[in-house]
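Line by line, the protein sequences give chains Y and X.
Take the first sequence: its letter number 247 is residue 247 in the working numbering, and every next letter is one higher.
Take the second sequence: its letter number 43 is residue 1043 in the working numbering, and every next letter is one higher.
It is worth saying that the hints were derived from the structure and are not from the lab.
What you are looking at is a predicted structure, and each value in this text was computed from that prediction instead of being measured.
There's no promise every hint is true.
As the list claims (entries may be wrong) - Straight-line Cα separation of at most 30 Å, DSS-like style, residue types lysine-lysine; simulated pairs:
#1 Y:K68 <-> X:K1040
#2 Y:K60 <-> X:K1108
#3 Y:K148 <-> Y:K92
#4 X:K1040 <-> Y:K60
#5 Y:K63 <-> Y:K92
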Amino acid sequence: MTAFALPTATEPYVPPSISDTHLPEVLPWLAEYGTGFGKQMVMIILSIILIVWFFKSAIKNPKLVPGKVQFLAESAYGFVRNGIGRDIIGEKNFAQWVPLLFATFFFVLLNNLFGAIPFLQLPSFSHAGAAYAMAIIIYGTWIAVGVKNHGIRYFKLAVVPSGVPGWIMPLMVPLEIISNFIVRPLTHSLRLMATMLAGHMIVMLAATGARHLIMVQESLAMNAIGVAVIAGSVAMYFLELLIMVLQAFVFALLTAIYIQGALDADAH
Amino acid sequence: MISNELILAAGAGANPLLPNPWEILVTAAGFAVLLFIVVKYIAPAFEKSYQDRVTAIEGGLEKAEAAQAEANATLEQYKAQLLEARTVANRIREEAREEGAQILAELKTKAAEESARITEQAHRQIESERVAAVTSLRAEVGTLATSLASKIVDDALENDDRASRVVDKFLADLENQQNAGASN
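Excised from the complex, chain Y in its bound form:
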C-alpha cells in the first residue's frame, strides 16, 4: 500500500508490486491478506449472484418472441451452446456439456470484467488461487470423462499417439505425458492468471505512475508526460476489455477441447 501514501517533497517513485494486488481482508476488516475473507472472494460470490440473477430473470417468463433482455440472454447462451459446445464437442455429445461450458465461460468472463469496473477493479482470476481452482476442476472433469468412456485404457490412448513409428515412442510418450497431464492444467490456469494480473498491473502502474509524475515531480515536462500516461491508459483499458473477453472465451474453448479430446480419445 506504499504507492497510495500521501506525497511528500522527497518521495521516491515506488512501483506497484504483487503485494499491492493483495488488499487487506474484508472479514475481519482490514486484517492482513490471506488470513480471512477478502475482496477477491467477495467478487467471486458477487459474480455468481449476478450470473444467476441475470439469466434466471431473463428466462423467468420465456416468450416465443423474446424481449430485449431475453434475446440478449438467449444469444449469450446460444453463443456458448453452439459456438463453443456444439462446434467443438460435436453434435452427438455436446448437450450434456453445455451447462459446464456455460458456467465456466460466464464465471470467468464476469470475474475478468470486474477488473474493468471502477471500485471493483480487480479481476478475480489475477489471483492464482482462483485460476488454479478452475483449472483443477476442468482437469479432474476431462480425466474422469476419459476414464468413464474408455476405462483405464484411456491413459494409454492419451499418451501413445497412433500412427507414429515405434522407435520414436520412447521420446513421444514422456512428451505426451508431460504435455497432457502436467503442463496442460498449468497453462490452462496460468494463461488466465497471467493475462489478468498483467492487465491489473498495467492499470496500477499507469495510476501510480501518472500520480507520481503529476503530483510529485516538479518539472512541467514530467507533469505533461503524466497526463499523456492517463490518456494512454484509456487505450490500455479498451485493450484490457478485449483481453478479458478473449481470455474467458479461450478458457471455455480449451475446456471444450479437453473434454472433446477425452470423449474421442480413440478417434485419433
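Dock chain X against the given chain Y, drawing on the hints supplied.
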C-alpha cells in the same frame, strides 16, 4: 530522479504463483454452486425456451402448409364443380334446343296433319255434296226432260223402255259433255 535500485527493491513483492488456499476453496465452492444452479435451473430453462420456439415455428409451418393444401384442395374442388356446372348447363341448353326443335317439328307435323285432315274433309264433303247434287239433278233433269219430251211428242212416246233409254242416252251425253268441259 528515480533510481533503479529503488524500483527493484519496491518491485519485489509476493510471489504471484503462490495461491491463497482460501481463494482456491471459495472459487471452487462458488463455481460448484454456480454449476449446480446452471445445470438444475438455467440451462433447462433456456433449452426449453429454444425447444418451444422450434416446436412453435415447425408447428406454424406445418399449419401453414396444411392450410395451403386445404386451400388448394378446395380450389380444385371448386374448379371441378365449376366445370361440372358448365357441362350440365351446356347439356341442359343442348337438351332445351333439341326439345324446342322437337316441339317445333311436332307442331309443324300436327299443323300439317290438321290442314291435311281439314282439306280432306272438305274434299270429302264437296264430293258427297256433288254426288248428292248429281243424283238429285239426274232425277230432276230426267223428270223434267221426260215431261218436256212427252209434252213435245204428245204422249207418243209413252213406252217406258224407250223413254228411259232416251233419257239415259241424253244424260250420258250430258255427262260426257260435262266431263269434257271439266277436263278442259
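Status of the hints after comparison with the structure:
Distance restraint check for Y:K68 and X:K1040: the Cα-Cα separation of roughly 24 Å lies within the 30 Å cut-off, and the hinted pair is therefore satisfied. For the suggested pair Y:K60 and X:K1108, the alpha carbons sit about 92 Å apart, so the restraint of at most 30 Å is broken. With a C-alpha separation of about 17 Å, the suggested pairing of Y:K148 with Y:K92 holds against the 30 Å cut-off. With a C-alpha separation of about 14 Å, the suggested pairing of X:K1040 with Y:K60 holds against the 30 Å cut-off.
Proposed proximity of Y:K63 and Y:K92 is supported: the alpha carbons are some 28 Å apart, at most 30 Å.
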